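Please work from the sequences and hints to get the whole structure.
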Amino acid sequence: MPDHAPPPTPRTLFTEFARMGLSGFGGVLPFVRRAVVERNRWLDDREFVELLSLGQVLPGPNVINLAVMMGLRFAGWRGALAAFAGLVFVPMAIVLGLLLLYEHFQDIAAVRNMLRGMTAVAAGLVLATGVKLALGQSRTWRAALVGVGAFVAIGVLRWPLLPVMAVLVPLAIWLEWNTMRGVKTGKLEAE
Amino acid sequence: MERIAELLGHFATLSLLAIGGASSTIPDMHRFLVEANGWLTDAQFSAMYAISQAAPGPNVLFVALFGWKVAGFGGSLAAIVGMCGPSSLIAVGFEYFAGRSPHARWPVLIRRGLAGLTIGLLLSTGWVLAASIDHRWTGIALTLATVVLTLKTRVHPLLLIGIGAAAGALGFV
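First to last, the sequence lines map onto chains F and H.
Numbering-wise (my numbering), the first sequence opens with residue 1 and increments by one.
Numbering-wise (my numbering), the second sequence opens with residue 1 and increments by one.
The hints are simulated quantities; they were obtained by calculation from the structure and are not laboratory data.
Only a predicted model underlies this, so the values are computations on that prediction, with no experimental measurement involved.
All C-beta atoms, glycine included, are put in the ideal place defined by N, C-alpha and C.
Every beta carbon over 10 Å from chain H, so not counted as near; a handful from chain F, in silico:
hint: 1; residue: Ala5
hint: 2; residue: Pro7
hint: 3; residue: Thr12
hint: 4; residue: Arg34
hint: 5; residue: Val37
hint: 6; residue: Arg39
hint: 7; residue: Arg41
hint: 8; residue: Asp44
hint: 9; residue: Ala75
hint: 10; residue: Gly182
Residues from chain H shown here face chain F by an in silico Cβ test under 7 Å; the list is partial:
hint: 11; residue: Gly21
hint: 12; residue: Ser52
hint: 13; residue: Val92
hint: 14; residue: Leu114
hint: 15; residue: Gly126
hint: 16; residue: Ala167
Simulated crosslink set (SDA-like; lysine to any residue; CA at most 25 Å straight-line):
hint: 17; chain 1: H; residue 1: Lys152; chain 2: F; residue 2: Arg139
hint: 18; chain 1: H; residue 1: Lys152; chain 2: F; residue 2: Gly136
hint: 19; chain 1: F; residue 1: Lys132; chain 2: F; residue 2: Ser23
hint: 20; chain 1: F; residue 1: Lys132; chain 2: H; residue 2: Val148
hint: 21; chain 1: H; residue 1: Lys69; chain 2: F; residue 2: Ile94
Shown next, in the form of structure tokens:
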């Protein structure tokens, strides 16, 4: 690791993460990579990907996980808090400002209709993300079973998330574990 | 005050269930805020989400808008701290105790195993959002067109949101 910059202070973490949060519309992750790896050289690409995949395995908003882990690594607890505050609270002020603007004008029919049009697009964006992820996966019957099960239970039947996840998460991991073990013991030569 | 505590508690639970990001818990937020408690109408729920998409910042900020509608500024703080707090504590815990050691097999196992689940939840989110506003065929067409354009082209999401805003303001949706 030859050309790492010196670790940032909590103050720098706050301002840098605020800058990343304010740059990204519809996802800040690309800006986080650019700022952390390219502009500030706090991490190299390999370290960044390692941290990101850990952030994605753990529950919660991925980019927030990434920010607090980096904050802790570079500047301890104060660093984690500073990165979190910069990334979340600074853009939050803008979002709440937009909300107040909307509430002021929401009696106008055109404004309400505008939001409906935006939601129709936002729904399409989320669906497209799901489809994109599905296309990038190796298509197995276990993934399909768990995915369709989640869609029917949560999307169509509108069941509460907690009991559904209490069943589907262990089931999904058990199915995957069984397969990985099968590959290791029996089918290794066929791979 | 009671509502703020309930918000904090519910979003703190969702924080631990949010695999694949905060968006995958939107169907349960809809169930909790609109169907079970009646704190938001369907139209308000989808409007809050749409506003968050038109603003900069991490995706998770839409929960602050839900919180605001339920209980003002305290509600927005409760929602965002609830949604990010427990999961952040787990993340720093991992960084503190296991961050520097090379990865074993289990992250791969969990990521691969839960991929299908994450996809099912994301599709549920799209479905719930679409069902909240797409009552006319034009709305459904706009949603489907967005899916196709996003998959087939490199068009910027914000441009699509802008087109949706224009189509809506002109009364097409």
